[in-house]
Each structure stands twice: as C-alpha cells, then as structure tokens.
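Student: Those sequence lines, one after another, are chains X and E. Adding 206 to a residue's 1-based position in the first sequence gives its number in this note's numbering. Adding 136 to a residue's 1-based position in the second sequence gives its number in this note's numbering.
Mixed in with the good hints, there may be bad ones.
Stated by the list, open to error - 16 Å max Cα-Cα, derived EDC-like pairs, lysine to aspartate or glutamate:
#1 Lys202/E <-> Glu210/X
#2 Lys389/X <-> Asp271/X
#3 Lys353/X <-> Asp314/X
#4 Lys197/E <-> Glu209/X
#5 Lys202/E <-> Glu209/X
#6 Lys268/X <-> Asp314/X
#7 Lys389/X <-> Asp273/X
#8 Lys197/E <-> Glu252/E
#9 Lys287/X <-> Asp260/X
#10 Lys268/X <-> Glu241/X
#11 Lys232/X <-> Asp301/E
#12 Lys326/X <-> Asp337/X
To be clear, the hints were calculated from the coordinates, so they are not data collected in a lab.
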Amino acid sequence: MKEEIKMIVVLSLICGLSGISLAALKQVTAPAIEEQVLTYVQAPAINSVLSDHDNNPIKDRKSFDVDGRTVMVFPAIHDGKLTGVAFETSGKGYGGKIGVMVGFSLADGVLSGIGITTMKETPGLGSRVADLSYTSQFSGHAADSVKLKKDGGDIQAVAGATISSGGTVSAIQNAIGIFNALKNSFGKGWS
Amino acid sequence: MNRLWKEFSKGLWKELPPFKLVLGLCPVLAVTNTANNGLGMGMAVIAVLTLSNFVVSLLRKLIPPKVRIACFIAISATLVVAVELLMQAFSYPLYQQLGIFVPLIVVNCIILGRSEAFAYKNPPLLAVADGLGMGIGFTLSLTFLGSLREVLGAGTLFGVAVMGDWFVPLKIMVQAPGAFICLGVLLALMTYAENVQRKRKGLAAVQGATHDCGSCGGCANVAKSQ
Numbered sequence: 207m208k209e210e211i212k213m214i215v216v217l218s219l220i221c222g223l224s225g226i227s228l229a230a231l232k233q234v235t236a237p238a239i240e241e242q243v244l245t246y247v248q249a250p251a252i253n254s255v256l257s258d259h260d261n262n263p264i265k266d267r268k269s270f271d272v273d274g275r276t277v278m279v280f281p282a283i284h285d286g287k288l289t290g291v292a293f294e295t296s297g298k299g300y301g302g303k304i305g306v307m308v309g310f311s312l313a314d315g316v317l318s319g320i321g322i323t324t325m326k327e328t329p330g331l332g333s334r335v336a337d338l339s340y341t342s343q344f345s346g347h348a349a350d351s352v353k354l355k356k357d358g359g360d361i362q363a364v365a366g367a368t369i370s371s372g373g374t375v376s377a378i379q380n381a382i383g384i385f386n387a388l389k390n391s392f393g394k395g396w397s
Numbered sequence: 137m138n139r140l141w142k143e144f145s146k147g148l149w150k151e152l153p154p155f156k157l158v159l160g161l162c163p164v165l166a167v168t169n170t171a172n173n174g175l176g177m178g179m180a181v182i183a184v185l186t187l188s189n190f191v192v193s194l195l196r197k198l199i200p201p202k203v204r205i206a207c208f209i210a211i212s213a214t215l216v217v218a219v220e221l222l223m224q225a226f227s228y229p230l231y232q233q234l235g236i237f238v239p240l241i242v243v244n245c246i247i248l249g250r251s252e253a254f255a256y257k258n259p260p261l262l263a264v265a266d267g268l269g270m271g272i273g274f275t276l277s278l279t280f281l282g283s284l285r286e287v288l289g290a291g292t293l294f295g296v297a298v299m300g301d302w303f304v305p306l307k308i309m310v311q312a313p314g315a316f317i318c319l320g321v322l323l324a325l326m327t328y329a330e331n332v333q334r335k336r337k338g339l340a341a342v343q344g345a346t347h348d349c350g351s352c353g354g355c356a357n358v359a360k361s362q
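Using the sequences and the hints, build the whole thing.
Tutor: See the structure below:
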C-alpha cells in the first residue's frame, strides 16, 4: 500500500512541476516567438503584397476589431501617408487551412497583391496556388467580387486544384469584407 | 576524475550512439541532409540529454522503480518542450528546418536509454558526464553525416560552395535514400577498420557494429531479478 501511494505522489509531483514550469516558460517566450513568426513567416509575404513603402510594416502593425474578431493590419506608408494595408485571412483548402496575406491599395481601392503564408496542399498540385502565375491574377484586381471562372468570375483556377484555388478565393473574399468594414478607419490615416 | 573521463569519453568513440550502438536512427536519417541541420539537431539533443540525465540522477532515490519509465518520459518531454520553445523564440529558421523532429526527441531512444541504463544508477556528476559525452558523440556523428551528404548532394558545406564547377551534385544524397546509403557505407567502413585492428592483435573478425554491452547494466538487472 505504501508503495502505491509513493508511486502516485511522485509521478503526480513530477508532472505537476513540469506543467507549471512549462506554462511559465511559454508565457515568457510568447512575445519573442510572435516576433520571430512575423519576421520569418509573414514578412516575405507582407513585403511582396504591399505597394512601395518606406516604413517597416511589421513594426507599425496595429490590431483592429471586426465583428468580434481581431485582425492584425500591416500598413504601407510612403512619405508619411498611408498608401496601402495588408492582413492575413484564411480559407479551407484540401489539406487544412490556407493562410493568405492580402494587400490593398488605398488610393484606387484595388488589391495590390496576395501571397500564401501557410498551407499544407498537395505538393506539385494544390501547392501551385503559391506560384506567381496564379497569385499575379489578383494584383490590380478590383476589390469587389473575386470569383473563380467556373462560378462566373474571372480568376483562372490552378488546373486540377479547384479546392485549393477555391480556398484562396474565399480567403480573399473574406479579406475584402474586412477591408470594407475597416475602410473608414483607414481613411483617417495611420498613427 | 578518472571515472568521470571514462564515462564522458565512451560516448565519443567506444559507444558512439548512432554508429556503434546504432541507436536514435530516426533523427540520424531524417535531418542530416545538411551539416547545419545535423549540428542543430545535435545541439538540441545535447541539451535535453544532459539535463534529463542530471534530473533523473538527482531524483533516482525518489522515483519508485515501477513507475520509473513514466517519470523518465515526463522529465524528458518537459525538457524537449522547453528546448522547442526556446528554439522558436531565438532561432526560428532552425526550428522551421527541423520541424517535427524536435518534439520527436522525446521518444529518441538515446534519451530514455541513458536515463534507464546510466542516470538511474549513478550520481549526478557522472550522469552529466555520460549525457554530455553521448550528446557530443551524437552531434559529431550527425554533423559528419550531414557534411558528407551535403558535399555529395549539393556541393556545399555549411551552405558554402566547396566543390568546383566540374562537380555535378548527386541529388539522391540529400534525399531519404542517401541517408541510408551513407549510413550503411559508414558502418561498413567502421567495421572494416575495427577488423583490421583486431587482426593486428590476433583476434577473430567481427560482423557488424559492436559495442561493449556490459556498460548498459540491463543484463545486470535481469540477473538480479532472477
């Protein structure tokens, strides 16, 4: 009996201490990890979708609330004037979520470009939604309704990857909704 | 002091983990496509192995024998998650490269093997020496295998081009089959070298990788329980 109790106590103690120390470590490293993820995962996408800017979009990022969700917005500022914004949305692909960074140009209200941040699509097939030949279709596209050709729009889907293409399109559609909701607050400039 | 050196140095050649004990092959085969990845993985293993040996050794009188494996796993899992968090916070590109293999250190048999075979029966200082030695041996092996595959498969070493323009990289060496080919050839060469040595001493040749299993202590346990 004594042995059983000792077993339970020791194992519980070890696991409890592990849990506490890991929780503490996670809290301490969280800001550093967020910074690293932004720098290595999102920065390349952000810089490719924003039109010319002379600021650091990651450093100047701000959070906005849209319909109860928090959206991290990265601004493009040129000569002190807000010229564009970018933020990430996601759509359902073939292998889980596809993260899409969508850039908007404020002056003419069009998409300035899109970039794929995270995805687990089939290599060589669905993964081709990250190729320039697909993503470049969105640069300069009007920020109203984005649809695949089969749904009556003007976006040519990647051959053999309708689901992946649909995922990116719904992510962009989502982003347009957010953009329209936030348009007025962007008009006030970035401070 | 003598004992300390003996426990430290056995991991460097006599019981070199991947090549002599042929243990922990999952990371050995999977992440050694470049020298840098091998080194990074090795560093993570050194940290986890040394710390887990130390903690297990400190707690060895407290941990009841019947739940020792569960305790070892809890301890090494904690350390692995800690290393993973620190890696994400301070060296994100390496974390992206190693990906799933960092969490898999938990089930790397070297960690559990050293806890069970050594740290559970020896004082903390010796356990740390054992962990450090094994970890460094593991790192050297991984870095060596990674360098070999990177030079043959990409013509670079730590990302710097080392081969001339005439060199056509053998793409297969940086892919999964290259790992098996390299490891197999290395093991064969090591056995050959050992047999040449044994022949000089007038001993019979051995087949395949060898190690002194007496140091493991597993057999002694079996003998005790019978």
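Student: Hint by hint, say whether it matches the structure.
Tutor: Each hint, compared with the structure:
1. Lys202/E <-> Glu210/X: 9 Å, holds
2. Lys389/X <-> Asp271/X: 13 Å, holds
3. Lys353/X <-> Asp314/X: Violated: Lys353/X and Asp314/X sit about 20 Å apart, past 16 Å.
4. Lys197/E <-> Glu209/X: It holds: about 13 Å lies between the C-alpha atoms, which stays within 16 Å.
5. Lys202/E <-> Glu209/X: 9 Å, holds
6. Lys268/X <-> Asp314/X: 22 Å, violated
7. Lys389/X <-> Asp273/X: Satisfied, since the Cα-Cα distance of roughly 14 Å is no more than 16 Å.
8. Lys197/E <-> Glu252/E: Roughly 13 Å separates the two Cα atoms, so the pair holds.
9. Lys287/X <-> Asp260/X: Answer holds: Lys287/X to Asp260/X is near 10 Å, not above 16 Å.
10. Lys268/X <-> Glu241/X: 14 Å, holds
11. Lys232/X <-> Asp301/E: Status violated; Cα separation ~47 Å.
12. Lys326/X <-> Asp337/X: This hinted pair holds, its Cα atoms lying about 14 Å apart.
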